[in-house]
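Q: This is what each chain is made of:
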Amino acid sequence: MTGVQLVLLHCIPSCQLSIMSNEAISPWPIETRCTCGKVGLCLLAKPLSMFLCTCLDCQKSTGTGHAPLALFRKDNVSVEGETSQHSVTAASGSKVTRHFCPTCGTPIFGETERQPMLRLVPAGIFEQSEWFKPGSVIFHRSHNHWDLLPAHLPTFSIYKENQNA
Amino acid sequence: MHNTGHCHCGAVSFTIEGAPLRMAQCHCNACRRSTGTGHSVQAFFKKDQVEIKGETITHESTADSGNTRKRQFCAQCGSRLFSESSANPVAIGVAVGALDETEWFKPDVIVYNSERSAWDVVDPSIELHDMM
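Just so you know, the protein sequences line up as chains A and B, in that order. Position 29, counted from 1, in the first sequence is what the working numbering calls 29; the numbers after and before it change by one each time, with no gaps. Position 5, counted from 1, in the second sequence is what the working numbering calls 1005; the numbers after and before it change by one each time, with no gaps.
It is worth saying that the hints were derived from the structure and are not from the lab. It is possible that some hints are incorrect.
Unchecked claim - Just the calculated beta-carbon pair ranges, DEER-fashion:
{"#": "1", "chain 1": "A", "residue 1": "Q128", "chain 2": "B", "residue 2": "A1087", "range": "40 to 48 Å"}
{"#": "2", "chain 1": "B", "residue 1": "E1101", "chain 2": "A", "residue 2": "Q85", "range": "24 to 32 Å"}
{"#": "3", "chain 1": "B", "residue 1": "M1131", "chain 2": "A", "residue 2": "L48", "range": "33 to 41 Å"}
Said to hold, decoys possible - To list a few chain B residues with every Cβ distance to chain A over 10 Å, as calculated:
{"#": "4", "residue": "H1002"}
{"#": "5", "residue": "T1004"}
{"#": "6", "residue": "H1008"}
{"#": "7", "residue": "I1052"}
{"#": "8", "residue": "K1053"}
{"#": "9", "residue": "H1059"}
{"#": "10", "residue": "A1063"}
{"#": "11", "residue": "N1067"}
{"#": "12", "residue": "L1081"}
{"#": "13", "residue": "V1090"}
{"#": "14", "residue": "A1091"}
Here the structure is a predicted model, which means the values were calculated and not measured. Backbone N, C-alpha and C define an ideal beta-carbon position, used for all residues, glycine too.
Kindly generate the complete structure, drawing on both the sequences and the hints.
A: Written out as structure tokens, the structure reads:
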């Protein structure tokens, strides 16, 4: 563990406690901070699922072709610092809220009213993200030709079945 | 060539007249973190080609080149919108995801491949650079 990581871990007490109690060899917990450093995020355990989302809302909010997202139980996602939030009614009819750093705009997490016990975390905000292994592409109906996706991934026009995020 | 675009919530909108100077995909750590994705995709224009309406927040940082990089996002919804660099003060980068129509877009170049995440893929037909 490097000195930099030690400093970061002291920033989020829940992450630090979990590190101390984590005896198994595992990448979890994982911590990161936004670009300006004001908001911290700690993931305490592995995600429930991982996917790429090419929906129009993800395109607009990221400014890119798709969002790489990991779905966690809410109690495994710890946020430190103030976030701004923006809510929309998604194509699913559910209210989706995206949280971002008010100073640097880094996206921190998203949540949906339909699944209040879950949080969606963007994989791009982590320095180390070898753990991120998407299993599918959702909302492929709005995918753009210039946005390259891993060829082996199954694509779903809207949601994968049982994928309610 | 005429383009329009807006952020996720619509509080910021913009129009662009004319063709882009350059189109790029960047995998650097700063682009990855600020978008939450594997890379940014931007079309660069001269500033006088782009007219912006609405309030943005600007976050300034120093790139590893030493240049000052300004990134703008919507104050209301956080959508990534524009970027500027002191290396080229007449140019502005527009986040391609914010554009209403993008059929014409294809990156001329992919930069900072050395910082690319293992899970993010690149088009092998596009010119690739380890850094800039």
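Q: A separate judgement is required for each hint: does it hold in the structure or not?
A: Hint-by-hint comparison with the structure:
Between Q128 (chain A) and A1087 (chain B) the C-beta distance comes to about 29 Å, which lies outside the given range of 40 to 48 Å. For the pair E1101 (chain B) and Q85 (chain A), the beta carbons lie near 29 Å from each other, so the given range of 24 to 32 Å is met. Between M1131 (chain B) and L48 (chain A) the beta carbon distance is about 36 Å. The supplied range of 33 to 41 Å therefore holds. Residue placement check: H1002 (chain B) keeps its beta carbon more than 10 Å from all beta carbons of chain A (closest about 19 Å).
Separation of T1004 (chain B) from chain A is adequate, the least Cβ-Cβ distance of about 13 Å exceeding the 10 Å criterion. At roughly 4 Å from the closest C-beta of chain A, the C-beta of H1008 (chain B) falls inside 10 Å, breaking its exclusion from the interface. For I1052 (chain B), the non-interface assignment is confirmed: its Cβ lies about 14 Å from the closest Cβ of chain A, beyond the 10 Å cut-off. For K1053 (chain B), the requirement that its beta carbon stay farther than 10 Å from each beta carbon of chain A is met, with the minimum near 16 Å.
With a least CB separation of 4 Å from chain A, H1059 (chain B) falls inside the 10 Å interface cut-off, contrary to its annotation. Every C-beta of chain A lies more than 10 Å from that of A1063 (chain B), the closest at about 12 Å, which supports listing it as non-interface. For N1067 (chain B), the requirement that its beta carbon stay farther than 10 Å from each beta carbon of chain A is met, with the minimum near 16 Å. Its beta-carbon lying about 7 Å from the closest one in chain A, L1081 (chain B) breaks the requirement of being farther than 10 Å from that chain.
A cut-off of 10 Å between C-beta atoms confirms that V1090 (chain B) is not in contact with chain A; the least separation is 21 Å. The beta carbon of A1091 (chain B) is kept farther than 10 Å from every beta carbon of chain A, the shortest such distance being approximately 17 Å.
The structure fails hints 1, 6, 9, 12 (numbered hints given earlier, in ascending order).
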